[in-house]
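Peer 1: The listed protein sequences derive, respectively, from chains Y and X.
Counting in this note's numbering, the first sequence tops out at residue 241, every number present.
Counting in this note's numbering, the second sequence tops out at residue 241, every number present.
Keep in mind that the hints were calculated from the coordinates and are not lab data.
Take these hints with a grain of salt, some might be off.
No farther apart than 16 Å at their CA atoms in a straight line, the calculated lysine to aspartate or glutamate pairs in the EDC-like style are these [unchecked claim]:
#1 Lys231/Y - Asp130/Y
#2 Lys231/Y - Asp177/Y
#3 Lys231/X - Asp130/X
#4 Lys93/Y - Asp164/X
#5 Lys231/Y - Asp44/Y
#6 Lys93/X - Asp164/Y
Chain X stretches covered by chain Y per the calculated footprint, using a threshold of three residues with CB under 8 Å from any CB of chain Y [claimed, not checked]:
#7 47-58
#8 158-166
Which residues of chain Y face chain X? A few of them, derived with a C-beta cut under 7 Å, are [unchecked claim]:
#9 Pro57
#10 Gly58
#11 Ser87
#12 Cys110
#13 Leu140
#14 Ile141
#15 Asp164
#16 Lys165
#17 Tyr169
#18 Tyr189
#19 Ala219
Even glycine gets a Cβ: it sits at the ideal position worked out from N, Cα and C.
Number of protein chains: 2
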Amino acid sequence: MAERVPIIQKILSANDQIAAENRARLDSRGIVAINLMSSPGAGKTELLLATIKAMHDRCPIGVIEGDVASRVDADKIAAAGVPVVQINTGGGCHLDAAMVRQALEALPLEEIDLIFIENVGNLICPVEFDLGQHYNVGLLSVPEGHDKPYKYPALFHSADAIIASKLDLLPYLDFDLDAFQELIRGLNPQAPILPLSAHTGAGLEAWLQWLEEKWMRERHATSR
Amino acid sequence: MAERVPIIQKILSANDQIAAENRARLDSRGIVAINLMSSPGAGKTELLLATIKAMHDRCPIGVIEGDVASRVDADKIAAAGVPVVQINTGGGCHLDAAMVRQALEALPLEEIDLIFIENVGNLICPVEFDLGQHYNVGLLSVPEGHDKPYKYPALFHSADAIIASKLDLLPYLDFDLDAFQELIRGLNPQAPILPLSAHTGAGLEAWLQWLEEKWMRERHATSR
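With the hints as extra help, turn the sequences into a complete structure.
Peer 2: This is the structure:
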């Protein structure tokens, strides 16, 4: 059997170059791209559905769905009337820039202002691969426990905003929101912490405001 | 900068060989080893604490804790009076057999009948690396959603038992236990499905029986 001899350094450089090309392509069209990262089942797709419902009429959205297998998330997004591309990594634990480049080819970019890239559910691998996004958003669902930033520091350190999701379950858990916020402040003093429930809508307004601010900044920066 | 040139095929073979050595070492002492795999925050440590409380007096337990960073889980296990070793992978998304070999060196094997290896919280990477365990147990917490086996089939396919954890949260979720069981049956017809709550103790008895059966089988097989 032939041996595979990947050269890690070069793979990363190639990824960064494609990511830069993706970002330039999005910039030239004034599109803002957001890379959503979390554990499996932390509520990324539910948050996207609530965001689409609240914003899509004034800020056209497109979605890139990353999963090891299946198209269940893409089907949910498509049902909400938004252009979506599903990437299946076939075992890979993260998206990379080349996958996103392919997905951008398939999206109607001329109709889109805001692209969400829903990364593979994983708190470890996705953070190392630039995709060409403008912002990283890290999501932790409260059933996962407030100690998770101790155990997965890189993702929370690199995020531009941090969401504590499934807030409606808080009364049934011993999740300590103050301890979580303190832990995040130690790892990442800049990022806003946004506790919310996509299910009840609680806290959603602050998230939408954060998005709107990023989107308006891009509209001012580009002459469309 | 020197380029790293790992040769994937050889790394895997070396891992398998060390895993076989770990297993032989455990077998020679009649110790059963169980590899616990799940998403971050699915309740592996809580389940171990409940299992220790129920079984440790008649079946001495040891624990190997795998995490990217921190020793919070090992501290909880040590407080329960059980020998424990913490492995920090420093960014790696799974344990490997060499890490477990090192941990076995540090555990008082002569005092242990049952070893739990709590793998890094990740539904993708751990499944590809044999550690020398006798059984794989896959855990899905009900807040993650019943569709997860669609998206992460390999872990559920490879498990010898599948736990649906945090069952006490079921009334507050739209988790469909029947749909989950049907999905698992399609992927893995043999593995028992064990819904339980380590918090309330509901369903714990079936899990303890499953463990007891594996432990008794090993005691009959070896002359200690």
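Peer 1: Hint by hint, note whether the structure agrees.
Peer 2: Hints and how they fare:
Straight-line distance between C-alpha atoms of lysine 231/Y and aspartate 130/Y comes to about 11 Å, which keeps the hinted pair within the 16 Å bound. With a C-alpha separation of about 11 Å, the suggested pair lysine 231/Y and aspartate 177/Y falls inside the 16 Å cut-off, and the hint holds. A hinted pair counts as satisfied when its Cα atoms are at most 16 Å apart, and lysine 231/X with aspartate 130/X qualifies at roughly 11 Å. Simply put, lysine 93/Y and aspartate 164/X have alpha-carbon atoms about 12 Å apart, close enough for the 16 Å limit, and the pair holds.
Restraint check: the Cα-Cα separation between lysine 231/Y and aspartate 44/Y comes to about 13 Å, which is no more than 16 Å; the hinted pair holds. With a C-alpha separation of about 12 Å, the suggested pairing of lysine 93/X with aspartate 164/Y holds against the 16 Å cut-off. A count of 3 residues in the segment 47-58 of chain X with a Cβ less than 8 Å from any Cβ of chain Y is obtained; the coverage claim is therefore met, three being the minimum. With a threshold of 8 Å between beta carbons, the proposed coverage of the segment 158-166 of chain X by chain Y holds, since 6 of its residues qualify and at least three are required.
Evaluation of the proline 57/Y hint against chain X yields a held restraint, the C-beta minimum of about 5 Å falling below 7 Å. The criterion of a C-beta within 7 Å of any C-beta in chain X is met by glycine 58/Y, whose closest approach is roughly 3 Å, and the hint holds. A least Cβ separation of about 4 Å between serine 87/Y and chain X falls short of the 7 Å threshold, and the interface hint therefore holds. Given the 7 Å rule on beta carbons, the hint for cysteine 110/Y holds: about 4 Å separates it from the nearest Cβ of chain X.
At about 5 Å, the closest approach between the beta carbon of leucine 140/Y and any beta carbon in chain X falls short of 7 Å, and the interface hint on this residue holds. For isoleucine 141/Y, the interface hint holds, since its Cβ comes within 7 Å of a Cβ in chain X; the closest pair sits about 4 Å apart. Hint on aspartate 164/Y holds. Least Cβ distance to chain X is approximately 5 Å, under the 7 Å limit. Because the closest C-beta pair between lysine 165/Y and chain X is about 6 Å apart, less than 7 Å, the hint holds.
Because the closest C-beta pair between tyrosine 169/Y and chain X is about 6 Å apart, less than 7 Å, the hint holds. At about 6 Å, the closest approach between the beta carbon of tyrosine 189/Y and any beta carbon in chain X falls short of 7 Å, and the interface hint on this residue holds. Taking 7 Å as the C-beta cut-off, the interface hint given for alanine 219/Y is violated, the closest approach to chain X being about 14 Å.
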